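J.: These protein sequence lines map, in sequence, to chains R and V.
Counting with my numbering, you get residues 285 to 453 for the letters of the first sequence.
Counting with my numbering, you get residues 285 to 453 for the letters of the second sequence.
Hints listed in this document are in silico derivations from the structure and should not be mistaken for laboratory results.
Just so you know, not all the hints are guaranteed correct.
Treat identical chains as interchangeable: a pair holds within one or across any two.
Unchecked claim - As a list, the in silico DSBU-like pairs of lysine-lysine whose alpha-carbon atoms are at most 30 angstroms apart: (1) K306 to K286; (2) K449 to K424; (3) K306 to K443; (4) K287 to K449; (5) K417 to K286; (6) K286 to K424; (7) K395 to K287; (8) K287 to K331; (9) K286 to K331; (10) K287 to K368; (11) K449 to K286; (12) K390 to K446; (13) K395 to K306; (14) K395 to K368; (15) K417 to K306; (16) K306 to K287; (17) K443 to K417; (18) K368 to K331; (19) K331 to K446; (20) K424 to K390; (21) K368 to K390; (22) K306 to K331; (23) K368 to K417; (24) K417 to K402; (25) K368 to K402; (26) K446 to K286; (27) K306 to K446; (28) K331 to K443.
In this text the structure is predicted, and so the values were computed from the model without any measurement.
2 protein chains.
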Amino acid sequence: MKKDINSIMNANYSYTEDFGDKANLGMPPSKKIAILTCMDARLDPAKFAGLNEGEAHVIRNAGGRATDDAIRSLVISSEVLGTKNWLVIHHSECGMEAFTDEELSKTLEDKFNTSEGKYINWMSTSDIQECVKQDIERLKSSPLVSSDINISGYMFDVKTGKLTKIVNN
Amino acid sequence: MKKDINSIMNANYSYTEDFGDKANLGMPPSKKIAILTCMDARLDPAKFAGLNEGEAHVIRNAGGRATDDAIRSLVISSEVLGTKNWLVIHHSECGMEAFTDEELSKTLEDKFNTSEGKYINWMSTSDIQECVKQDIERLKSSPLVSSDINISGYMFDVKTGKLTKIVNN
Numbered sequence: 285m286k287k288d289i290n291s292i293m294n295a296n297y298s299y300t301e302d303f304g305d306k307a308n309l310g311m312p313p314s315k316k317i318a319i320l321t322c323m324d325a326r327l328d329p330a331k332f333a334g335l336n337e338g339e340a341h342v343i344r345n346a347g348g349r350a351t352d353d354a355i356r357s358l359v360i361s362s363e364v365l366g367t368k369n370w371l372v373i374h375h376s377e378c379g380m381e382a383f384t385d386e387e388l389s390k391t392l393e394d395k396f397n398t399s400e401g402k403y404i405n406w407m408s409t410s411d412i413q414e415c416v417k418q419d420i421e422r423l424k425s426s427p428l429v430s431s432d433i434n435i436s437g438y439m440f441d442v443k444t445g446k447l448t449k450i451v452n453n
Numbered sequence: 285m286k287k288d289i290n291s292i293m294n295a296n297y298s299y300t301e302d303f304g305d306k307a308n309l310g311m312p313p314s315k316k317i318a319i320l321t322c323m324d325a326r327l328d329p330a331k332f333a334g335l336n337e338g339e340a341h342v343i344r345n346a347g348g349r350a351t352d353d354a355i356r357s358l359v360i361s362s363e364v365l366g367t368k369n370w371l372v373i374h375h376s377e378c379g380m381e382a383f384t385d386e387e388l389s390k391t392l393e394d395k396f397n398t399s400e401g402k403y404i405n406w407m408s409t410s411d412i413q414e415c416v417k418q419d420i421e422r423l424k425s426s427p428l429v430s431s432d433i434n435i436s437g438y439m440f441d442v443k444t445g446k447l448t449k450i451v452n453n
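In isolation and in its complexed conformation, chain R is listed as follows (with noise of 0.2 angstroms):
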C-alpha cells in the first residue's frame, strides 16, 4: 500500500511539473457540464467524454444514482455555480448487479458482528438502465432543479467505451 501512495505521489510531482494554465482556470465549469456517473474504476468520465480541467463538475457514487446527496451536489452545481447541462451515465456490467441489499446486509453482519448494514439502501438493481430514467425523473421532479437544466441519459459500454445516449432531455 506505501508503494502505491508512493507511486501516487510520484506522478503527482510529474503533474505539478506540467501545470501551466491549469493555474488560472476559475471555479465554475466553463462548459456549464455536470456528470453524474458510477464510480467504477473502469470509467474515466474525462477521458471517455473527452473534458479537461475546468469544464465540468464530476459526481461519483456507488451506481452514479441521483441519490440525496448526489442532488445536493447538483443542485450546489447549478445554482452556486451555473451548470446548465447535466448528463447521468451509468455502464454496463456494474457492479450494483453483482450483489443483492440482502446478501449485503447478511455479508457485513457476519463479518462486523452489526445489523446496521440492514437500515441502509445499497442500491444494487438487476436493471441499470432502468435506473438511468429513474435517476432522470428524480431529478427532474426535485423542487430544487431548475426546469431550464438539460438533463440527459447513457450507457458506458465497458467492452467498447462507447456512450450510447437513451434518454433525451
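Given chain R, work out where chain V should sit, using these hints.
T.: Okay, now just chain V, sitting in the frame of chain R:
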C-alpha cells in the same frame, strides 16, 4: 448545449477507436484504491494521481465529503470489490467555502418558492483542512469500515496541482 453534447459524443468516438486492452479490465480495482474527492471541475483525479482505467474507484461529491452516500459507496468498494487503500482528497479554493447554508437556502427559497433547501445539510464550510480530518474520523468510526483499511487525507492545490498529505493512516 447541443454543441457541447455533440463535442462529447465526438470525443467519445475517438476514445472508442483507441480502446484496446481496456476491454479486458475486470470489475475490482486492480490497485485496490478508492479515492473520495470533490466534484470541482479543476480536479482530474486520474491525471493528478496518475491512475489508469481499471485501477481505482473514484467517489466525488460537493466537497469530497464522507456523507452517508459516500460511505455506502466506500463500503461497497471494500466489501464487494476489495479496495484496501482509501484517499480522502479535498482542495484549495473550494466552492464549499464560497457560500453558507443559510445563504443558499435563501437563494433557493427566492428562486423556487419552497423552503425545502432549509432542511438539507449543504455542508458549506470555512475550514477545508479540518473537513478532511473530520471525514477520516467519520470513516474510521463507521461500524461497517474494516480496521485494516488504510485511510489517508490530502489537500490538492488548484494553483500548482500539488497533493500534500495532511492525515496519515
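J.: So which of those numbered hints doesn't the model satisfy?
T.: Checked against the structure, the hints that fail are numbers 12, 13, while the rest are satisfied.
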